[in-house]
Structures are given as structure tokens and as C-alpha cells.
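Peer 1: Starting from two chains that each stand alone, build the complex the way the hints lay out.
Chains G and Y supply the protein sequences, listed in that same order.
Per numbering that gives the first Met the number 0, the first sequence starts with residue 0, numbered consecutively.
Per numbering that gives the first Met the number 0, the second sequence starts with residue 0, numbered consecutively.
Incorrect hints may have been included.
[Said to hold, decoys possible] Derived lysine-lysine pairs resembling DSSO-like cross-links, with alpha carbons at most 27 Å apart:
| hint | chain 1 | residue 1 | chain 2 | residue 2 |
| --- | --- | --- | --- | --- |
| 1 | G | K106 | Y | K121 |
| 2 | G | K121 | G | K79 |
| 3 | Y | K121 | G | K107 |
| 4 | G | K2 | G | K186 |
| 5 | Y | K161 | G | K114 |
It should be emphasised that the hints constitute simulated quantities derived from the structure, not laboratory data.
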Amino acid sequence: MGKAVELKNITKRFPGIVANDRINLEIQKGEIHAIVGENGAGKSTLMKVLAGLYQPDEGEIFIFGKKEKISSPNKAIELKIGMVHQHFMLVDRFTVLENIILGAEKKKGFTIDEKTCRETLKKLLELYNFKLDLDARLEDISVGHAQRVEIMKVLYRGADILVLDEPTAVLAPQEVDELFINLRRLKEEGKTIIFISHKLDEVLSIADNITVLRRGKAVGTVPADSVTKEELARMMVGKPVLMKLNKTPAEKGEVKLSLRDVMMKGHGGRNVLNGVTLKVCGGEIYGIVGVEGNGQKELAEAIIGLQQDYDGDIKVCGKPTKGLSIKQIRDMGVAFIPEDRHRQGLVLPMKVWENSILGLHRKEEFKKKTSIDIKKAEEFTSRNVKGFSIIISSIHQAIEGLSGGNQQKVILSRELSQEPIVILAAQPTRGLDIGAMEFVHQQLLEKRREGKAVVLISADLEEVLSISDRVGVIFDGEIVAEFTPEETTLEDIGVYMLGAHKKAGESA
Amino acid sequence: MLVAELFASSLRMAVPILLTAIGAVYTERSGIVNIGLEGMMIVGSFWASVGAYFYGPIMGLIYAMMAGAFLALIHSVATVTFRVNQVVSGVALNILAYGSSRFLSLIIFNKATTSHHVSGFKTVDIPGLSEIAFLQPLMTDISPILIMALILVPVSKYIIDKTVFGLRLRSVGENPLAADTLGINVFAMRYAGVIISGMLAGAAGAYLTMEHTGMYVEGMTQGKGYIAMAAMIFGNWTPTGTLWASLLFGFAEALSLRAGEGSIIPYQFIKMIPYVLTLAVLTGIVKKSTPPAASGVPYDRSTG
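Next up, chain Y with everything else stripped away, as it sits in the complex (with noise of 0.2 Å):
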């Protein structure tokens, strides 16, 4: 029972962490580094609460992929278009998503740092298996963005490695010069790379405030933006992999839960448990991954 728990506690704590690790491993792919999915996660987690609030979940999550997407945009058009540096690009998104969401939540809640209740997707119980005394906890009360969030691995992994649209994205993120030459649209194919990256940090958003806490509080994303990047890279640029790491991520933040009821060690230091597992993590894989050749580096057509 109490593993059944453990790892169904691990699934919904991994959720937010693989839908945007998910949707870094698109734009990563397309070349574009996206350091901004933790501004992309903030704006979904706010304008979740808008479109859950006023309209109901389905609005609530489609609000909050739009305002992923939107700002996915931005960084688009600054990284793809007028190459800025992707890093620095990333970082002023993080900072706008922080101040925006604070004012408009002062606007449109008339409090500044968290919104009003607002009620998630109906969830759904596994037929049959739910029955099972031992795994109920992990066949009950499943949220639909968790259940779209585990489809969309292998639906990425089709997409990335058997679809046109995943043999040209990656191609650009590997050496844009030559897929431009083969007629290929660098742009476009990175526009929605990192547009689809937006969107899926937007669900990741809106999956924390509707499924999870059930309103918007400032600073509910911890970091997980930049955990999903980790994920990511631990899962060496591939879906599958991803899936794999965000379990990893996602279990350790279950395990910090649970470990600070009643420990002697400072509540603080389990607290810590995912960030240094991200950190220990990276430096032991770092050397062995292939990131995309042309990731991080813009292209510019006169130069290649």
C-alpha cells in the first residue's frame, strides 16, 4: 500500500516536470535552448487560474498552453529571428513571467500573490484495476492531464522519429545549414519547436494550479521549469528517456514530502532532495550526452 502511494505520489509530482521536459526535448531538437519554460510554466499556472476561474478547466488549460505559447513566441522571435543570445533571451522571459503574473493577479484577483479557489478537471478512476486494494492509490482519482501526459511520450517519440515534421526538426537542430540548402524553412521549423515547447510548459503550469493545489500561488512553479531542462538532458534529448528522468525528479520530490513528516533531519535539508538529485545528477551524465550539434547556436544564413 504504502509503495502503491509512494509511486503514485512520484507520478503526480513528475506530471508538471515531464509535460515541460517533454516540450524542451522539441525545442532542444530545433536548436533553440529554452531556459525560458519556467517563466512559460509561470504564465500557465496564472492564466490557468483566469480560464479556471471564469470559464471552467477546459479554458483553464487552454489559457494557460495559449500564455505558454505566447511567450514561447517572444523568445522565438528574439532567439530565431534577431539571434539574441537564447540564454539571456530565456532569462528576461522568467523575469517577465515573475513581474506579469504578480500585477495582473493584483488586477484580476485583487491580491498579489495568489488567485481565488479554483476547481480542477473531473478525475477519473481505471476501470477494474481501481477495484484492486493494492493499487487504488495509483488507479483512482487520476487527473486527464496526467493521463495526457504519459500518451504524449510515445506520441513524441513517433512524432520526433517517424513523422516528416521530426526528421526536418531535428535536422535543423543538427546543422541548420545543410537543411536550409535541401530547402528546408530553419525558421519555421524552429518557431515550432519552441512554440510546442511553450505549450506544453503552459499544461505543466496549469496541471500545478488546477490538479494540484487548486489556485495559483506565486512561485508554485519551484523551479520545476528548470528541473524539466535537467530531465531532459538526462534523458539525453529523447522522450523516452525523459520520461524516465521526470519519475526520477518526480519521486524525489515525493520522498522529500513525506521524509520531513516527524524526521531529526531539518525540515530544510529534505526540502533540498531533487535539487542536489538534479545537481548530482547532471554532473554525472553530463559527459556521456549527445546534445543536437546546433543546439544553442543561432543561425544566421550569410555565415551558416
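Just chain G, with the same shape it has in the complex (with noise of 0.2 Å):
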């Protein structure tokens, strides 16, 4: 066994910071080699320098033993690189065959020699025993078939190295495990993995090595089995971290937020949500999980009100909400954090301070005749920035340059700051840090001791079941299962999730 990969003294530096400082990594051929780390400890730019997205500023890279120079994607591929991306860059519309080809295709003339291409993917699939329907469309297919389309494409393009980023955080557990099988049997037949994550259970599980980052340095690499995710977690941040949250008994207080038979039609005339019931009562925490796309953004668009054709009764305080604005919505007590910062918490070129304010710029408190009064703004933001530990070069930086972490934390500041009833928090930790997450966590345990209703949406089992005193399971845009964390386990509810069985949803 030779190495398959080695990294020496990688150096990239952008505006500012330097995103990798002299790494030097070394990848075994045929092993799965985890790289884990904080966000902004530098993994994806790593991976993007191994992918030919970026070129290193100082630093060597030798691949199965020769040194390359990785000057484009194409070039990565030449090396028998290949990156499996985060966001599936798949075509919905596209059958199976056709993303795998894409690109790539076998020709007889002008024309696309399906025939060859089909018995080249035949054999693939059989050798690498992975299940795929090539004629499927992909629109039709699960998230977990969909990944594995993409890994399919890097094998039919000839990878022997395979960078998976971050690839469980879109799956449900028992997704996670057949992906799992699949990269053991990958390993068998001789590919070198390289496992991208923040999941320490699952990086324990899958890797052979774990090599750790922290602000852009490799701390060091260690075996798997001779290291406790204590001792992991403990690299990534540099001091010793809190597994286990301190979770005070619930005290429930009087319902604050309640839905009743809500439906919703989607796009097309299908049912996006199928009559959610479900109450939320002040002091509590109530975790919704379910696979990406069974109504959980539907359902948050309909309680903070920006979808509004919906049938049945949503409540805030025993209020209807229906037919109000967001505006009076908000006004009732309801906080919302987004599920996409991006393009729903933030307006990304803006200033922190500005971002701050967003929504809250009509309050008296920042109010001077017509205009806003800049000054109190800017103490506001002062005051949230200290409150809650954001770090930033500014308030009048623009706010697309913070990391997601601190991006969030703008949102919860934000969002906290007027004393909400009820907080509908949908994927609140998506991307972030496990430092950042435990700051998540602490503030919705805090507002929860406060007594206000709060509703997490997440796609992270292990988020949900750690800070929630009762999980509904969602699934097909109805609430199929609830539980309390205490009488379920995780491959329980992954059961509801994929929708193996429905049990009617028993309302609290």
C-alpha cells in the first residue's frame, strides 16, 4: 500500500485570513480518511485545492506518489480525483443514466451510444454492488439514491479517490448506514475515500484515519479506534467541550402555538402538508424531524405567514393567524428563524448593523422623525455583538463576509432581542460549527426556561432527541409519530421517517 494522496506545507490564503496554513496531510490508498473540523477550520478549501478548484500559494501535492500540479476540475479528474459535492449538482428532469453520463458520454457519431454506455454502468453497479434504477427520473428518486447517483458519476469517470463532503447531512439514518455499506465495499475494491464531516459518531464509524483541523492547521491525524469522540471534539475546538447538555425538566405552561388539520397544496396540486396537528405549549421544546422535503419548510412558511393558502387553523396564543401579514404575525410574538439564512435571514451585501435591525426597523426604539436612528441601531447591534459572542472586524462590515456561525448568530440576536412567545427555529444549526451549535442549543434551552414555546425544525436526529421534550415525525406533510425522546431511539424514528409505517399522529 502506497500513499494515495500527500499534501506538504499547504498554504491558501484569501483576503484576510489564511484559510489553510501549511498543512501536510498523507492519505493511505484504500483507506477512508476522515477530515473533520470546525466550519472555517479550513476542509473545504482544502478539498477544493485537491479538486482543481483552487491553487494552493505555497505547498506541494503529490498524488499516488508524483507530484501534480491540480490546475482545473478536468485536470482532477484526469488524476482520478473525484469530488462528490455537497449540494447534488444533479438535473431533476435527467433519468439516472442520463446524470451519470452527462458530460461524459460513450459516442457513436454524433449520437449517444446508450447501449455501451448502459453495460459500462451495469457492470459498475454489480461490482460495486450499489442499487440504482438507471431509467428512474431523477425528480422521482430519494435523497439517498440521488448521492448515490453522484458517487456513481465520479466511479464512471474513472476516480480511484473519492471526496465525499459532508454526505450524511442530508440523510436519513438508515440512509447513512446503506451509504456506509457502499463506501466499505468501495473501500474493498480498492478506492480511497476521503470523508468529510462534523458528525464525530458517524466519522468514528466509517474512517481507518482522522485527521483534524482547527483555524486552518492540521492538528494531527489519529487512528479511529484509538480515540473517544471527547478526545475529538476536544481537537477540533481546542478546549474541552460539553457533550451533554444541562436540560432542566420541562415546565410546561399553557399552549402557545397550536395547528389544527392544516393542508397545503404544492406546486402541481399535491399535497405538501396533509393535516399537521400539533400543539406547543410555553416552556417547551417541540422538535420536528423528517427527510428534507416532506413539508417541514412548508409548514414553517405557513406558521410565520408567508404562505397564506393553506386550509385549517393555526393559532398564536389562541389567536388565528390566517389572513394577517407577517408583519402583525411577528408583532403577536412570533420569532423565525429560517431555514435559509441566506436568502431569508439576511440581505447578504448589507451591514451587520443593518441585518441587525431587519424587520425591527419600524420599532419606536429606532425611530428618529422619518428616518432610522442609526446611532441607537448601532448600539443595538453593539450590544447584541457583546451579548452573544459574535465575532466580527465591524458593524459596518457587510455581512456576507462572517462565517455561517457568527451569521447565525446575527439572526438569533436579532430574532431574541423582542421577547418572543414563540420561536419557530427551522434548521437553526445547518452548517455550523459545534461550537456555534452548542451556542444554539444554550439559547433555545435559555428561552425554553423562559417559558417560551419553541418549535425546531431539524434535519439532525441528534439535535432534535438531545434538546427537545417531544419529537413529531413528519413525513409525506403530516405528523405520523410523536414521541419524548426518552422512549425512542434514533433508528425509531428513522423508521417513521422514511415512512415505513404510519402511526397516527397523537397530538399532545
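Peer 2: As C-alpha cells, then:
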């Protein structure tokens, strides 16, 4: 066994920061090598260097022992490095086959030689024991299968080194298991796999070796079987991390948010919400889990009033919200932490202080005759920055320059500053590192202690189970099961998430 | 006899719509909306008269297609490279086409609104079938451009569905970012789609001038470029569907021509039939249609 990849003193600078600081890394042929680190630790940058998307400022790269310059993504493919992106790069309306061969079609003259393509793919699928229907349209297959298509894409192009960027972020637990079976099979066939993640349990179960990055530096490489989760977390953060949150028993108050038989039709007339009924009390965190695209987004948008075209009732503190504007709903005490902070939570090119009063700008406290009292807004922002330990160079900096964690903190500080009654948090920790995630969790628990009703919509099962008081599983626009975290396991919930058996929604 | 005649007339009326609509399939499948098809048809009709007047029908067709392609090139530069709003660019081109044709017509023919008379292609009869009295209107005096348009339907279907070019064209219209990461030149594919549409719209203009009227007349396209877009939508962005839709619109037009003679309904209302049909069809099917996902969306590498 030789080295598949060897990086020597890789340095990559961006204006103002060193994303990769003299990183040394050795990846053996045929191993599964995990790279872990907080967001902003330089994982993605390093992988983009390897995939030919970035050029390092310094350092050398050896692929299979030969010094190489990876000047473009095509060069990376030539060197047999295949990147499986976190966000799928697939065409929904194409078949699986078309998606895989696109750009590397086997031809007969001008025509696609479909027969040869199909045979090649069938052989590959058999060899790696992947199950995929080549003729299914991508829009009809599950997320787990779509990911297989992505992996097949790079295998079809002859990759020997596969780079998977946060591959489990979008999967249900069962799908993660299947992915790991696939990955182990690839390893048996001699492929080298680089696995980027921040989920430590997964990394420990799949990887042979783990390299930890912290603030652009490689802190160390350890064999997976000789390290514990706590040790890894400490390496990542640089200080001991509380793996268990101190959660006080719930002190349930009155019902603050209630939904009854909420139905919504989506594009094309299919029901995206199929009669959602649930009640959330003050002083509790109600977690909603599900595979993405089962109505979570629509549910959140109905509650905050972005979507008005639904049947059924949504009540905040007993008052129906239907027909009210978003502003009116917010004034009733609903805070919204949107799923897509770039699209809904922030205006990226605007400054930090501007973003932190977005939506609050009409409040008396920021008013000065007809304009905004900029001084007060700045003071407010500075207070938030301090209170939430947001790391920025100036409140006049454009918010797009902040890390994901700090951007999320700006949203949190804004949304929680107005003493909300109901807090609607959609995927609040997506893409955040352990430190920031812990912070968000503590904030939500803090609000729970204060007697607020918190709805936590998340794809991260562990997160939901660790901080919620009740968990509802959403499948196909319906809450198909409700549990308390104590009475259930990851696997149980996973079964419901995949819709394997439906259980009537039991509302509290 | 009457049925065959009406059908033959529908077919003739359908040709310019069909040619342009097939072009529209190419441009839309690549992700670019081309409202400028009307303008490309206008310059096609004008330049066909120039080419045909001076050098004969073949050059007439070539001039028309080149003029359409040139306008399409401007549309691609604006919308693909500079990411100008596609509707705005298309509308601007329509105005440019109208104005430039009038201006050049004045210079070349000394008349602002018409060209001199030009001759078209020699028509052909289908051997054998043209002998049958019943089919005679359908099988005689056929313009080669009509035959070309009909052949284009299966050919385009093959190109779009089965060739490497077609797969890549569709991919940039559906998810340009995905195509880009696979090394497909998004810009080149979109230029190709738009320019093909311009050439076909130009050919449609040539058909009007050379085969239909025998001269260029200002405003002779009568919004057929827009009707072609409706036909393409009605045809669900496929060449075959587009054929049926074009025949339907052609039929409406043929009907409006015939019904006008001695009818008690005012002439103006009868002239509306194709346009009312266009609106009715679009309102009826628009919910069921599935446009390419990235159609109308400019592609910017940095934001995807």
C-alpha cells in the first residue's frame, strides 16, 4: 500500500485570512480517511485545492507518489480524483443514466451510444453492489439514491480517490447505514475515500484514520479505533466541550401555538401539508424531524405567514393568524429563524448593523422622525455582538463576510431580542460547527427556561433528540408519530422518517 | 376536396409558425427565453426579399437565416454573456428588427413598407399521390421550405433526445451549475441554442416573403413569432408536440381566411381567431406544462 494523496505544507490565503496554514496530510491508498473540523477550519478549502477549484499559494501535492499540479477540475478527474459535492449537482428531469453520463458520454458519431453507456454502468453497479434504477427520473428517487448517483458519476469517470463533502448531512439514519455499506464496498475494491464531516459518531464508525483541522491548521491525524468522541471534539475546538447539555426538566405552561388540520397544496396540486395537527406549550421545545422535502419548509412558512394558502387553523396564543400579514404575526410574538439564512434571514451585501435591525426597523426605539436612528441601531447591534459573542471586525462590515456561525448568531440575537412568545427555528444549526451549535442549543434552552414555546425543525436527529421535550416525525406532509426523546431511539424515528409505517398522529 | 384544401391551407399557414416554434424549442431547452423570435422573423422576411431579388431564392433563404442568426447572436451576447433580462433584450430586438427593416427597405428598394416582387422556390408535386383528385390540393405546388420544416420535426426530436449535443443542451437548460461542474461549456451551448432559433425564425420569415406573398411587406409576420412561442409551450417544449400545436394554429388561421368570405360576423372578429385561440390554449395548459427548470434564468458561475 502506498500513499494515495500526500499534501506538503499546503497554504492557501484569502484576503485577511489564512484558510490553510502549512497543512501536511498523508492519505494511504485504500483507506477511508475522515477530515473533521469546525466550520471555517479550512476543510472545504483544502478539498477544493484537491479538486482543482483552488490553487494553493504554497506547498506541494503528490498523487499516487507523483508530484502534481491540479490546475482545474478536469485535471483532478484526469488524476482520478472525484468530488461528491454536498449539494447535489444533478438534473432533476434527467434519468439516472443521463445524469451519470452527462459530459462524458460514450458516442457513436454525434449520437449517444446508450447501449455501451448502460453496459458500463451495469458493470459498475454490480461490482460495487449499488442498487440504482438507471431509467428512473431523478425527481422520483430518494435523496439517498440521488447521492448514489453522485458517487456513480465520479466512479464512471474512473475516480480512484473519492472526496465526499458532508455526505450524511441530508440523509436519514437508515440511508446513512446504506451509504456506509457502499463506502466500505468501495474500499474493498481499493478505492481511497476522503470523508469530510463534523458528525463525530459517524466519523468514528466509518473512518480508518481521522485528521482534525483547526483554524486552518492540521492539529493531528489519529487512528479511529484509538480515540474517543470527547477527545476528537477537544482537538477540534481546542478546549473541552460539553457533550451533554444541562437540560432542566420542562415546566410546561399554556398552549402558545396550535395547528389543526393544516393542509396545503403545492406546485402541481399535490398536498405538501396533509393535515398537520400539533400543540406547543410555553416552556417546551417541540422538535420536528423528517427527511428534507416532507413539508417542513411549508409548515414553517405557514406558521410565520409566508404561505397563506392553506386550510385549517393556526393559532398563536389562541388567536388565529390566518389572513394576517407577516408583520402582524411577528408582532403577536412569533420569532422566525429561517432555514435558509442567506435567502430569508439576511441581506448579504448589507452591513451587520443593518441586518440586525431588519424587521425591527419600524419599532419606536429605532425611529428618529421619519428616518432610522442609526446611533441607536448601532448601539443595539454592539450590545448584541457582545451578548452573543459574535466575532466581527466591525458592525459596518458586510454580513456576507462573516462565517456561517456568526451570521446565525446575528439572526438569533435579532429574533430573540424582542421577547418572543413562540420561537420558530428551522434548521438553526445547519452548517454550524460544534461551538456555534452548542451556543444555539443553549440559547434555545434558555428561552425554554423563560417559558417560551420553541418549535425546532431540524434534519439533525441527534440534535432534536438531545434538546426537545417532544418530537414529531413529519412524513409526506403529516406528523406521523410523536414521541418523547426518552421513549425512542434514532432507529425508531428513522423508520417513521422513511414512511415505513404510518402511525396516527397523537397530539398532546 | 374542400377538406383537403382546408388542410393544405392549414399546413401552409403552419409552416412559419412551425419553423419558429422548433427554433424556440432549441433556445428554451438551453435555458434562454427568446421573445426576439418575432424580430428575427421580421429581419428574415426582409433579408429574404433582398437575397431573392438580387440573387434568387436560395440566397434569399440564406440571407434570411443569416439575418435571423445575427439578431440571435446579439440576443446571446446580451443574455448569456452579460446576463441582461431575457425579455427586455428580446423586446428591444423586435423594435430594432422593425426599424432596421424599414430603414434598409427605403435604401434598397426605395420603398419603406414593401420590397419589389421576388420569386420563390420552384414548387414540387409529390409523384403519384398528386394524381389522386382528392389529395391534389395537398400534394401539388408544395414549397421546399414546407418539406424542410416537416423534416425538421423528427430530425430535431432525434437531435434533442438522442445526441450528445442534445443532452448537453438540455442539461444547461435544466441545471447549468451541474453541467458546468461536469466540464460542459454552458455559454457555448446557450449560444448554440439561441442562434439555431434565430436561423429557423429567419427561415420562417423567408417562407412568408418568398413562398407566401411574393414580396416583403412591413408587418407581414403579424405576431407569428409570438404565436410560435405559444405553440412551443403548447407542444410542451418538444418538436413533435410543437408540430401539432403549429398545425392547430395554422388551421385557425386558414379558417379565419375562409370564414371571412361573405360571413355575417365582422371581418375583424374573424381575424382574431388565431390570437384568441393562442390565449385560450395558453390559459388552459399552462398549469400542466413543464418548462425547462432554468429557462429564463441567467447563469452566473459565482452564484450558480
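Peer 1: Each of the hints needs a verdict: does it hold here or not?
Peer 2: For each hint, the structure was consulted:
Between the alpha carbons of G/K106 and Y/K121 the distance comes to roughly 39 Å, so the proposed pair goes past 27 Å and is violated. The suggested pairing of G/K121 with G/K79 holds, with an alpha-carbon distance near 20 Å, which does not exceed 27 Å. Annotation: proposed proximity of Y/K121 to G/K107 is violated, straight-line Cα distance about 37 Å (limit 27 Å). Of the pairs offered as hints, the one joining G/K2 and G/K186 holds, with about 14 Å between alpha carbons and a cut-off of 27 Å not exceeded.
Between Y/K161 and G/K114 the CA atoms are separated by roughly 12 Å; this keeps the pair inside 27 Å, and the hint holds.
When each numbered hint is compared with the structure, violations occur for hints 1, 3.
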